[in-house]
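Now for the letters of each chain:
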Amino acid sequence: MLQALGNRGVQVARLLAPRHTVLVEAVRGRKSRTDPVAKSKQGRIKVPPPVDPVEMVVLRERYTEYKLIMRALRLEFKEEVLRKKYEEETGSMAEERARQEAVEHRDLMVWNEQENRRLLQLRILRLQKETEEAERKELEVALQREQEQEEFIRRKEEEVMQLQEEAKNFITLENLDQRIEEVLDNPKNYNFAIDKEGRAVKQTVLQ
Amino acid sequence: MPRYELALILKAMQRLETAATLRRTVETLMERGAVVRDMENLGERVLPYIMTKHNQRHRRGSYFLIDFYAAPSILTGLLDHLHRDVDVVRPTVLKKDTQISKQTCRGPQQ
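Top line first, the protein sequences correspond to chains Y and G. Take the first sequence: its letters are residues 35 to 241, numbered as in the working numbering. Take the second sequence: its letters are residues 119 to 228, numbered as in the working numbering.
Source of the hints: derived by calculation from the structure; they are not laboratory data. Backbone N, C-alpha and C fix where the C-beta goes; we use that ideal spot for every residue, glycine too. A hint or two may mislead.
[Stated by the list, open to error] With a Cα cut of at most 35 Å, we get these calculated DSBU-like pairs of lysine-lysine:
{"no.": "1", "chain 1": "G", "residue 1": "LYS129", "chain 2": "Y", "residue 2": "LYS190"}
{"no.": "2", "chain 1": "Y", "residue 1": "LYS101", "chain 2": "G", "residue 2": "LYS214"}
{"no.": "3", "chain 1": "Y", "residue 1": "LYS80", "chain 2": "G", "residue 2": "LYS214"}
{"no.": "4", "chain 1": "Y", "residue 1": "LYS101", "chain 2": "Y", "residue 2": "LYS112"}
[Said to hold, decoys possible] Per label pair, the in silico range of CB-to-CB distance:
{"no.": "5", "chain 1": "G", "residue 1": "VAL164", "chain 2": "Y", "residue 2": "GLU182", "range": "23 to 29 Å"}
{"no.": "6", "chain 1": "Y", "residue 1": "GLN212", "chain 2": "G", "residue 2": "GLY225", "range": "43 to 49 Å"}
{"no.": "7", "chain 1": "G", "residue 1": "ARG224", "chain 2": "Y", "residue 2": "LEU156", "range": "52 to 58 Å"}
{"no.": "8", "chain 1": "G", "residue 1": "MET131", "chain 2": "Y", "residue 2": "GLU182", "range": "31 to 37 Å"}
{"no.": "9", "chain 1": "G", "residue 1": "ARG133", "chain 2": "Y", "residue 2": "ASN223", "range": "29 to 35 Å"}
{"no.": "10", "chain 1": "Y", "residue 1": "GLN212", "chain 2": "G", "residue 2": "GLY151", "range": "46 to 52 Å"}
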């Protein structure tokens, strides 16, 4: 399995494995199980490296001591971290802090309530004023419109009266002969001459 | 109803015939539902140019103005009728302006 991953896989396997295991793996390299052994390696017996017993004993003792100390330190530190976390959550100060926070929260909520009420009052006043303004404007507009309508009616009535007055002078079948006689008797001349001072001369020669 | 003005140029005739033509014209107007308001005579004058109508060439004519109120639909019929009248040299119907603005007219403001 490991030969498929290659060298990078070896390093990853080294990281992922627990600390105390010895890293030994079978690396096949280029050849598979069924290939014959190379000529130079015929009759080779693999021998593990020789171990010096004295050295081994000494090293073993030292290593056990070392590992003991390291493990103890690590556990101590872990415990410290856990204790700190625990104290923060359920320590003596935590209750006080929680209580203080609750108190603060209540105060702020009260203050918020007050502000809301104050603003509500202001808003009510403002809305009232606005509705009054709107009503007033509406009344004004209605008044204006009524006045305009009255004005219009008055003007139209004036026109009608004027037309009625003028209607007395219209030509009808009875007036017709009389009016024709009048018309033929009075020729009207609209021509006039004017000079630079603005004096108009209405009497002109009619050809 | 809108207000129109009939500017009529009649042939230079005797007074009696002119009166008859005018009467005829006004009666036509009234038949077609117009209300005749006023009539004016601008005199018998030399025409500005020789006008040919009904195979006659006219040098002099009498000008008349007739104000009337009428519906716009009658105008084409009326003009047709007047063109066919032998004594009428030239009929013209114009619309009267409704209102001249009472403001004094100034020139371009400097």
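Structure-based check of all given hints:
1. LYS129(G) <-> LYS190(Y): violated (42 Å)
2. LYS101(Y) <-> LYS214(G): violated (124 Å)
3. LYS80(Y) <-> LYS214(G): violated (134 Å)
4. LYS101(Y) <-> LYS112(Y): Roughly 16 Å separates the two Cα atoms, so the pair holds.
5. VAL164(G) <-> GLU182(Y): 23 to 29 Å: violated (54 Å)
6. GLN212(Y) <-> GLY225(G): 43 to 49 Å: holds (46 Å)
7. ARG224(G) <-> LEU156(Y): 52 to 58 Å: holds (56 Å)
8. MET131(G) <-> GLU182(Y): 31 to 37 Å: violated (55 Å)
9. ARG133(G) <-> ASN223(Y): 29 to 35 Å: violated (19 Å)
10. GLN212(Y) <-> GLY151(G): 46 to 52 Å: Violated: the Cβ-Cβ distance is about 23 Å, outside 46 to 52 Å.
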